[in-house]
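Novice: Given next are the chains, with one letter for each unit.
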Amino acid sequence: MKQWVLAMAVVLLGACSSPVRLDKVPVEDKSGSAVTATDTSGADSGAVGAGKVATLDLGKSRNDSAMDSTTRVIYFDYDSYTIRPEFQPVIEAHAKYLRANATRKVVLEGHTDERGGREYNLALGQKRSEAVRKALVLLGVPESQLEAVSFGKEKPVALGSDEESMAKNRRAEISYR
Amino acid sequence: MQRFVRGDNCRPMIKALSFLFLVCLHSLAQAQFRIEVTGVGLTQVPVAIAAFKGEDPLPQKVSSVVQADLERSGQFRAIDTAGFQMDETTRPDFSIWRQKNSDALVSGSVTRLADGRFDVRMHVWDVVRGQDLGGQSKAVVAADLRLAAHQIADFVYEKLTGDKGIFSTRIAYVTKRGQNFNLWVADADGENAQSALSSSEPIISPAWSPGGNQLAYVTFEARKPEIYVHEVASAKRRLVASFKGSNSAPAWAPDGHTLAVTLSRDGGSQLYLLDLSAARPEPRRLAQSASIDTEPTFTADGQTIYFVSDRGGSPQIYKVSTAGGSPERVTFTGNYNISPSLSPDGRWLAYISRVSGAFKLYIMELSSGTVSALTDTQADEKPSFSPNSKMLIYATQQQGKEALMTTTLDGKIKARLAGQNGDIREPNWGPFQK
Chain A
1 MKQWVLAMAV VLLGACSSPV RLDKVPVEDK SGSAVTATDT SGADSGAVGA GKVATLDLGK
61 SRNDSAMDST TRVIYFDYDS YTIRPEFQPV IEAHAKYLRA NATRKVVLEG HTDERGGREY
121 NLALGQKRSE AVRKALVLLG VPESQLEAVS FGKEKPVALG SDEESMAKNR RAEISYR
Chain B
1 MQRFVRGDNC RPMIKALSFL FLVCLHSLAQ AQFRIEVTGV GLTQVPVAIA AFKGEDPLPQ
61 KVSSVVQADL ERSGQFRAID TAGFQMDETT RPDFSIWRQK NSDALVSGSV TRLADGRFDV
121 RMHVWDVVRG QDLGGQSKAV VAADLRLAAH QIADFVYEKL TGDKGIFSTR IAYVTKRGQN
181 FNLWVADADG ENAQSALSSS EPIISPAWSP GGNQLAYVTF EARKPEIYVH EVASAKRRLV
241 ASFKGSNSAP AWAPDGHTLA VTLSRDGGSQ LYLLDLSAAR PEPRRLAQSA SIDTEPTFTA
301 DGQTIYFVSD RGGSPQIYKV STAGGSPERV TFTGNYNISP SLSPDGRWLA YISRVSGAFK
361 LYIMELSSGT VSALTDTQAD EKPSFSPNSK MLIYATQQQG KEALMTTTLD GKIKARLAGQ
421 NGDIREPNWG PFQK
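Taken in order, these protein sequences are the chains called A and B.
Position one of the first sequence corresponds to residue 1 (the working numbering), numbered consecutively onward.
Position one of the second sequence corresponds to residue 1 (the working numbering), numbered consecutively onward.
Each hint should be verified, as a subset may be incorrect.
Per the computed footprint, the stretches of chain A lying under chain B, defined by three or more beta-carbons under 8 Å from a beta-carbon of chain B, are [claimed, not checked]: (1) 98-105; (2) 142-149.
Okay, derived cross-link-like pairs now, BS3-like style, lysine-lysine, Cα gap no bigger than 25 Å in a straight line [stated by the list, open to error]: (3) B:244 / A:105; (4) B:176 / B:319; (5) A:96 / B:401; (6) B:61 / B:100; (7) A:134 / B:244.
Derived from the structure by calculation, the hints contain no laboratory data.
Idealized CB from N, CA, C, for every residue including glycine.
Same shape as in the complex, but just chain A (with noise of 0.2 Å):
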């Protein structure tokens, strides 16, 4: 694990990230962000290790560097399963991280917002991780490697009902394991 992370951290510049309780996740500006090596084997940690997590808020970065960081979240618009293209550099980083790394397997988490059914959401949700399934399939990642699945609306990261958070909720997570 630990020498994951440090690949992972040589790999990716140094914006990596750690999908503990996805409901506890500080949303901050970041653009790039340490990596400290942590023993995470632990039960039900399935991470890339600890540290601080780099989420993108959009609503203030959409102009700044952050832009260019790697980060594991892909945001989605409303009623939308398409990446942005702001999103395909992420994307890419991943896919030339995986094909390098075959042993390397992520699962794709896909969320929606508060609004809806459970059950229907979870197949919005699928949508969305299976939407960056496919783009990392097209970038040469083989399948084996790759599990889409979804939360729908069971793990936000903000609580509230305004747009602002529910478009922090609308999003897949790439997740090591």
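Guided by the hints, dock chain B onto chain A, whose structure is given.
Specialist: Structure of chain B alone, referenced to chain A:
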């Protein structure tokens, strides 16, 4: 106040406050439905339910439980019985009850037996015709006094309406308190809630097996949605769907061993059937589309599945034969119709429709296709029919808080499950108790 808190004098007060706190906690753990009558049904039967002889010292007043059950059904209106003392052996003076405009009279008694159990007896009378409609008696332990009362309500309901009562059935639902999720099993009035599953990850889509002894549900404890089947009495459970991708939306076939589920293992959310009698159930694909197919639900004869699909561009309810064939669209009004629930008698389809940004409970009479809205709330979810097809339970939000409601099919009589702390959701109404 500060002085009190620091001083020795405060000890009794702290004790008293802790006691009050415990009392509060205890009352919060109770989850009784509060009846909110939002309209008056013209066909409500006036019924007099006299206090049961010997029930006064009991924590559960049998007659109050019976009365609340009957009122919640929307089909009865309680007549004041204060001052009348009688039991099941009393031959009523019908002229008195006719004067009080009561159509029926229920009387009874609760007697403590030598072995500590309670003998609960009751009788019901048709006041209009002056007829004896019969009675029953049952010896129960103290913990089953509520159940005995619900069974009395079922007896009265059936005698007076001709339909089976649902008061002794059970419901399942999910609560969220902080990051703790619980799957509960409770009496149909929300009382006597017992936790079947506790998890730090979400639980959704509980579904009672036709036998009423198992729940299928979706958990995220493996950081992806998987389907379990859980035996309620023993808490023994079996992981039945953990295929690659998402596994969700379990629905029981009436045969009690087939589940319809939504899987994404072959890409997209698609419908499959799982035969649980196999050691390792292998999914059989039910329908195929390039779009979302989910939320399957069986008709009572098991021949047809209603489900949600966005194959036409927006989510609508469709139906398809379990033998295969092409799906047929069922909902045509609006551009977002989800969460179908079929009444066991096959007459009604309840579902959630998005109307001007609000999510509202609708009901469709299947023979005519006529639809009507049942609520004035904005965030309704997950309707589920009572086993006698006369009521619905559903989740909604009131004053920004999640709530569970029951409603009659005309939307006129609603009751709210109050008292549960935190968010409450995902109701599912169990079958008649065998």
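Novice: If a hint holds in the structure, say so; if it does not, say that too.
Specialist: How the hints compare with the structure:
For the segment 98-105 of chain A, the stated coverage by chain B is not satisfied: 0 residues place a CB nearer than 8 Å to a CB of that chain, which falls below the threshold of 3. Beta-carbon proximity to chain B at under 8 Å applies to 3 residues in the segment 142-149 of chain A; the threshold of 3 is reached and the given coverage holds. With a CA separation close to 13 Å, the supplied pair residue 244 of chain B and residue 105 of chain A stays within the 25 Å bound. Only pairs whose Cα atoms come within 25 Å are accepted, and residue 176 of chain B paired with residue 319 of chain B is rejected, the gap being roughly 33 Å.
The suggested pairing of residue 96 of chain A with residue 401 of chain B is violated, with an alpha-carbon distance near 45 Å, which exceeds 25 Å. The suggested pairing of residue 61 of chain B with residue 100 of chain B holds, with an alpha-carbon distance near 23 Å, which does not exceed 25 Å. Between residue 134 of chain A and residue 244 of chain B, the direct Cα distance comes to roughly 15 Å. Compliance with the 25 Å bound is thereby established for this hinted pair.
Checked against the numbered hints listed earlier, the structure breaks hints 1, 4 and 5; every other hint is satisfied.
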